[in-house]
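Enquirer: Sequence:
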Amino acid sequence: MGQSWNPRDGTPNLSGKVALVTGANSGIGLHTVKHLASKGAKVYYTARSEAKAKAAREEIRSLAPEIPEELLVWLQLDLGDIGSVLKATTWMREKRVQA
1 MGQSWNPRDG
11 TPNLSGKVAL
21 VTGANSGIGL
31 HTVKHLASKG
41 AKVYYTARSE
51 AKAKAAREEI
61 RSLAPEIPEE
71 LLVWLQLDLG
81 DIGSVLKATT
91 WMREKRVQA
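Sequential numbering of the sequence shown, starting at 1, is according to this note's numbering.
Derived from the structure by calculation, the hints contain no laboratory data.
Here the structure is a predicted model, which is why all the values come from computation and not from measurement.
Label pairs and their in silico Cβ distance ranges: (1) Asn6 to Lys87: 36 to 44 Å; (2) Asp81 to Asn13: 31 to 39 Å; (3) Lys52 to Gly2: 33 to 41 Å; (4) Gln3 to Arg48: 35 to 43 Å; (5) Glu58 to Arg8: 21 to 29 Å; (6) Trp91 to Pro7: 26 to 34 Å; (7) Lys52 to Ser4: 28 to 36 Å; (8) Gln76 to Lys17: 21 to 29 Å; (9) Glu66 to Val18: 17 to 25 Å; (10) Asp81 to Gly2: 36 to 44 Å; (11) Pro65 to Asn13: 16 to 24 Å; (12) Gly16 to Gly83: 31 to 39 Å.
Calculated cross-link-like contacts (lysine to aspartate or glutamate; reagent style DMTMM-like; alpha-carbon spacing at most 20 Å): (13) Lys95 to Glu69; (14) Lys42 to Glu69; (15) Lys17 to Glu94; (16) Lys42 to Glu59; (17) Lys42 to Glu94; (18) Lys54 to Glu70; (19) Lys39 to Glu70; (20) Lys39 to Glu58; (21) Lys52 to Glu70; (22) Lys52 to Glu69; (23) Lys17 to Glu66; (24) Lys54 to Glu69; (25) Lys52 to Asp81; (26) Lys39 to Glu66; (27) Lys42 to Glu70.
Glycine included, C-beta positions come from ideal geometry on N, C-alpha and C.
The whole structure should be built from the sequences, with the hints applied where relevant.
Expert: What follows is the structure, given as structure tokens:
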């Protein structure tokens, strides 16, 4: 049987890297944000509302208080609304967000 991979131990240091995680206010998205940021990536995480984004940030910070605040950046995005997608991508271009 082959070796298994554990993301906790197998993910390299991501300092200086940028990630965009959609659906970050719960479930897999929320835990993906936590994991990437805990490895040093600056994570732009999306949620449809500020209230959901704030709750997600609070949960992430309670699970991993060692994550610096500046690594977590909320981006309002509703993938079901093309206007929201255009606004988010324009904002990212204007801020020169690059991976």
